[in-house]
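Chemist: Sequence:
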Amino acid sequence: MFYQIDSRFSMTAANADKWLWVRPGQEGQIALSLAQVIVSENLQADGVDVASLLGGGADILNAYRPEVVAERAGLTPEMTGGDPAEFLKDLARKFAARQPSIAIGGGSAGAQSNGLFNLEAIYALNHLVGSAGKKGGLKFNPPSPWADVPSSSIVGSLDDWTRVTEQIRSGQTKLLMLHGADPVHGLPDSLQLREAIAEADDLFVVSFSPFIDDTSAMADLVLPDRVSLEDWGDDISEPGPGYQVVGLQQPVVNPLFDLDPLSFPDVLLTMAQELGKESDLPWANFKAMLREGSDALFNMNRGSIEAATADEFWNNMLRRGGWWDELRHGPTTVKPADGLLRTIVAKEKGPEFNGIGTASIGSDSFYLVPFAHNTLLDGYNGHLPWLQAAPDPLSTVTWQTWVELNDTTANRLGVKEGDILRIESSKDSIRAVAYPTPAVPPHTVSVPFGQGRKHGSDYATERPGNESANVMDILETTTVNGTGSLAWAGTTVRVSKTGESVSISKLEGDARAVEIGLMPSEEIIKTIAPENA
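Under our numbering, the letters of the sequence shown match residues 4 to 536, in that order.
There may be inaccurate statements among the hints.
Below, a list of computed lysine-lysine pairs in the DSBU-like style, where the Cα atoms sit at most 35 Å apart [said to hold, decoys possible]:
1) Lys-290 x Lys-280
2) Lys-97 x Lys-352
3) Lys-430 x Lys-500
4) Lys-419 x Lys-350
5) Lys-350 x Lys-338
6) Lys-177 x Lys-280
7) Lys-500 x Lys-21
8) Lys-97 x Lys-138
Since the hints were made in silico from the structure, they are not lab data. Nothing here was measured: the structure is a model prediction, and the numbers come from that model.
Given only the sequences and the hints, what does the whole structure look like? Please build it.
Modeler: Take a look at the structure:
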């Protein structure tokens with residue numbers, strides 16, 4: 004059985020056996036409620052030291068009894084098909100009994116001010132049912148096969164970008180180099196990074212973007228990078244499959260003959276040579292660096308590639324797209340920290356929402372739950388027309404910025420599909436096309452990331468503001484407690500009609516819906532879960 008607990012109907016929710024929507028930021032409460040049932044009914048896996056996990060008595064979980072959490076999370080009998088508390092108890096029993104079980108957290112659950120608490124509570128469930136480190140459960144990744152290459156990346160937080168912005172504004176930063184990032188578009192407008200760059204007198208900005216974007220348009224120098232299909236690269240999967248894996252990327256098309264730009268790594272290597280830093284970056288080019296890594300793997304004499312020579316190993320690695328060693332896996336026995344659940348409970352704090360109308364959610368104010376665009380992602384692909392024209396898998400909307408809202412809520416507000424709505428926070432406002440649907444909780448609205456570019460190709464910019472807006476412009480700069488990351492799902496907004504309306508660009512509803520299996524050439528197979536038979 005697959006349950007999705009989320010505040011938005013996503014593709015994952017659409018594929019789940021049961022989608023349970025909750026108030027944003029309550030996911031950790033739900034997780035601890037399941038933990039309370041498992042502990043109180045002694046449903047933990049054999050060998051699990053519950054006393055060690057609790058760091059004391061089980062009473063620390065009493066505040067998360069299903070009877071308490073169900074109401075706090077906004078669960079109703081209509082949603083759960085009966086008593087919400089009994090639903091949570093039944094879910095906890097199923098999670099403990101059907102092994103292996105796995106609890107995964109992420110997305111908007113981690114993008115609240117209490118996001119760290121939410122995710123820690125969710126992942127702690129795996130320790131209770133013995134899924135940590137086991138096949139079918141959470142498999143931990145081993146260290147990198149290269150001693151000088153980390154196995155995980157270091158992600159910058161909003162706190163980091165706040166410091167960068169202040170350093171630019173104060174004149175401490177003299178050189179800003181950008182690669183694979185468009186922070187002017189991809190960070191909250193309230194951070195005022197655009198203004199800091201524009202007003203800096205002695206800041207030199209270099210962009211390596213292969214396409215003009217909002218930050219590149221402010222650069223003093225643009226050195227276009229090769230696109231991924233033209234370039235070399237390697238990657239250590241994150242997350243990985245639980246054993247050592249190295250991916251290798253090779254060019255599959257040639258750059259335009261009249262351009263043939265240097266790749267970003269080659270620019271850095273050339274700079275090192277010109278600055279006399281060959282001892283730090285000794286490779287002639289990026290390909291030579293990758294080849295050295297391949298030779299190091301060959302010398303280990305293990306893994307998925309058998310070869311008599313380093314050249315043969317390199318060619319096989321290129322052909323397979325990488326190298327892996329299933330015998331070098333992560334730890335299979337993982338002892339959680341003593342008092343893990345007590346530590347998590349001590350961090351518990353309700354989500355903090357900033358914006359407009361936090362005290363009147365559900366009237367004309369709503370929780371804003373943004374989401375990654377299926378093809379444009381965070382806007383990185385916004386310049387590509389075929390990705391702009393790719394339909395969203397749920398709404399089928401293309402090209403436009405739309406706002407998903409509950410259809411009953413839309414009727415109450417007098418909103419119809421295609422109406423232009425103003426979505427306002429305490430920072431700014433944007434306009435978006437209304438898409439009413441029953442698959443949205445009545446207290447939330449959702450807007451995709453990715454649109455609203457001010458610079459770049461015509462496909463990304465040449466559209467009216469009521470059809471292409473950047474939701475980052477209205478996000479509050481709330482951070483996640485304990486990480487300093489942007490709590491991008493922690494904004495409340497007011498929604499109002501503008502009086503304007505447009506035709507929404509979508510495929511849904513254009514073709515008549517016909518039940519599968521009616522045509523003589525079709526055969527329908529129905530699979531029903533045993534408990535629903």
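Chemist: For the pair supplied as a hint, Lys-97 and Lys-138, confirm whether the alpha-carbon distance does not exceed 35 Å.
Modeler: holds, 19 Å
Chemist: Verify the proposed pairing of Lys-350 with Lys-338, using a straight-line Cα cut of 35 Å.
Modeler: Roughly 21 Å separates the two Cα atoms, so the pair holds.
Chemist: Would you mind confirming whether the straight-line C-alpha gap from Lys-177 to Lys-280 stays at or under 35 Å?
Modeler: holds, 21 Å
Chemist: Please verify whether Lys-419 and Lys-350 have alpha carbons no more than 35 Å apart.
Modeler: violated, 43 Å
Chemist: Hint check: Lys-97 vs Lys-352, CA-CA at most 35 Å. Holds or violated?
Modeler: holds, 28 Å
Chemist: When you check the alpha-carbon spacing of Lys-430 and Lys-500, does it fall within 35 Å?
Modeler: Holds, at about 19 Å.
Chemist: Checking one constraint from the list: CA of Lys-290 to CA of Lys-280, max 35 Å. Satisfied?
Modeler: Holds, because 19 Å separates the two Cα atoms, which is no more than 35 Å.
Chemist: Are the Cα atoms of Lys-500 and Lys-21 separated by 35 Å or less?
Modeler: Status holds; Cα separation ~33 Å.
Checked against the numbered hints above, the structure violates only hint 4.
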